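> Chains as they are written, first to last, in the working numbering: chain E, 1 to 399; chain F, 1001 to 1328.
Certain hints may be false.
Okay, derived cross-link-like pairs now, DMTMM-like style, lysine to aspartate or glutamate, Cα gap no bigger than 25 angstroms in a straight line [stated by the list, open to error]:
1) E:Lys277 <-> E:Glu381
2) F:Lys1138 <-> E:Glu249
3) F:Lys1138 <-> E:Asp147
Which stretches of chain E does chain F cover? Using the computed rule of at least three CB atoms under 8 angstroms from a CB of chain F, they are [stated by the list, open to error]:
4) 142-155
5) 233-240
6) 381-388
Hint data in this document are derived by calculation from the structure and do not stem from the laboratory.
Please read these numbers as outputs of a predicted model, since none were measured by experiment.
Note that CB positions come from ideal geometry on N, CA and C, so glycine has one too.
The lines below spell out each chain.
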Amino acid sequence: MPEEARNGTEDAVVIPIGTGGRPGRGSGSARPSSAARNLAPSGRKPAKPAKPAKAAKPTEAAKASTPASPPKATRAKASAEQPHTDPVDEAAPSAPSAHPSTGIPVGDWLSALQGAAHEVFGDDWERRLAELMAFVRRRLEGDYEVDDYGFDRELTERFFMAALRPIAEKWFRLEVRGLENIPAEGGALVVSNHSGTVPLDGLMTMLTVHDHAGRFLRPLGADLVFRLPVVSSLARKGGATLACIEDAERMLSGGDLVGVWPEGFKGIGKPFSERYKLQRFGRGGFVSAALRTGVPIVPLSVVGAEEIYPLVGNVPSLARLLGVPYIPITPFFPWLGPLGMVPLPSKWILEFGEPIRTDAYDAAEAEDPMLVFNVTDQVRETIQHTLFDLLRERDGVFS
Amino acid sequence: MGRVVLVTGISRDIGRRFARAAAGDPSIDRVIGVDVVPPRGDIGDVSFVRADIRNPVIAKVIAKEDVDTVVHMSVIATPGSAGGRGTMKELNVIGSMQLLAACQKSTTVERLVVKSTTTVYGSSPRDPAMFTEDMGPKRLPSSGYAKDVAEIEGYVRGFARRRPDVDVTTIRAANVVGPHVSSPLTNYFRLPVVPRVLGFDPRLQFLHEDDLLRVLRHAAITGIPGTFNVAGDGLMTLSQAVRRLGRPSVALPSFAVGRLGATMRQARISDFSPEQLGFLTYGRGVDTTRMRSELGFEPRFTTAEAFADFCRELVPAGAPQPEGAGRA
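Please take these sequences and the hints and turn them into a complete structure.
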């Protein structure tokens, strides 16, 4: 008895466990021994079930130390095959090899866990793991900051960006050009073409700017984005705000790098046959915001996003019913269901063009509609020509 | 010679505390509190006059006491406390009109301070991130507190036009929180399980109750005319607030939260109005640049600190807190 108790506390792992809840020591016979039967509780005589209780205890102890132990039933069967005589025998160091039925020792589990942690987090896995735990704790306690627009920097960096990175690198194989055109500091307005049915190009641009320029791109989104559940809260946490003059000017004068897609839904929802043809650039509100704050406009041309979901059809009546601009029909969606939602792995090229300076103009000139239209056209033409150049250059859609 | 200040809405806690604080101020000579029911707590040196601002008696009070500063604080947010929406609207709108009429007739009144709220900006998905004082709501409120306040502000602007010699200060306070505040929002946070709108995480901005009292006193003493947003620095999201509060929350679709709110309203558990549902869906932020540059006021509490102070009151210090103890 004392020996068993000792074994139970010190190396719980090597104790043979699992008797299938039957009284006795799991001696292998389907029928418990008479001694065991005597000890077992019966309806007639409520005797103390000493043995089952003891059998259950090491099981729990072993379970606690070996979190992923094989199912009890198989082990009970295995231990049943080889009847053991003395628990002390089991406690010997050679036990695992001698008795394959006793499971994996705790040391192996630990080293396996360590190896896994090493694999996942790299060399300084202990620090990384501690950081992750601290991150989770902060999230659960609400101990983090958001800025005036609801931008959650920590969540964006640790979660959104990390989730998008493999898609950008492995799936779309982003090629980035003209990074030197992104100002290292101060307000600037990145203006891009919009395509791809789902605004993935915006997310990829945000990731690119963050990873290569070390800045956060603050996108301006349509009001639909902020009307939709889930999307709205993710957008705000990711740093987006409403595409209105007030917010654009507030962000630009605050020294942020702001991204706009002036084509809006006309751009991302255009049919596949019109790919790479820029739509109208809104009313030029983004230009007057840049003029008023005197920040440079960086034109961005994205090639490859048009092909991710080739939009071949639309259900306008359903779209009107749901209050969304369009219901996309692609060669794969909705025919293949969720599988049709996987974007095609086109090869993407992002080219940041030379900044168009606006600081030469007076803030009052933002009120001059002719100037605003001219600058808008200049930005639009720059992006359109870069798109044509990139299309000529690329070898194929998917290579 | 110090100033003579008339405070309306003294029966409510925040009005009473403001009146007491104002009475203690050396530059204020006398404070007269007015309300239809007597204040429940200690009012110190404040002299209470039982008068209904909905009838012309108030003009007599102003004339008799030589009031030169009027602080209008009796705009109530909840129909429950007034005994119905009809009474609430009458108290708010008709009361304000009578008060303004009395002020217009008066020859002694030099300053008018109106406690308004950022609720006038409404909440919608088309809102800018931060409202400045020049912006209006994207959609005019159709009912409730927000409509009352919008109407009152309209009358106040009219008064300011007719009496340009009177300095009119409108304080648009963000949601006031604090240990003593009982408002629809604080009652919402006091619910055992906080219902949230599924898929939305509104931005919230708070003003600590002490800062509200300070800014009203500041406005009454300095008399800087204009409309000012007043809020603590920074913002919080609702999910963050609920986590800091340590209360469980449940996310429900918008219509279910609305239905739940209506039920709670009928059961008088919480005053959960449609405009509050909008606020808890889309949130709101106000720009406080003018508060600093023109009004010259600096709140002591940031949004996060004000909310932390409110949380402290909700979780009694001595009570056993299995969760808190584990975390500490």
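> Taking the hints in turn, state whether each one holds.
Going through the hints against the structure:
Proximity of Lys277 of chain E to Glu381 of chain E is assessed by CA-CA distance (about 11 angstroms); at most 25 angstroms being required, the pair is judged to hold. Straight-line distance between C-alpha atoms of Lys1138 of chain F and Glu249 of chain E comes to about 19 angstroms, which keeps the hinted pair within the 25 angstroms bound. The straight-line distance between the Cα atoms of Lys1138 of chain F and Asp147 of chain E is roughly 23 angstroms, inside the 25 angstroms bound, and the hint therefore holds. Residues of the stretch 142-155 of chain E lying with their CB closer than 8 angstroms to a CB of chain F number 10, which satisfies the three-residue condition for coverage.
Closer than 8 angstroms: that is the beta-carbon criterion, and the stretch 233-240 of chain E has 3 residues meeting it against chain F, so the requirement of 3 holds. Using a Cβ-Cβ cut-off of 8 angstroms, 0 residues of the stretch 381-388 of chain E lie near chain F, which falls short of the minimum of three, so the contact claim is violated.
In terms of the numbered hints stated before, the structure departs from hint 6 and from no other.
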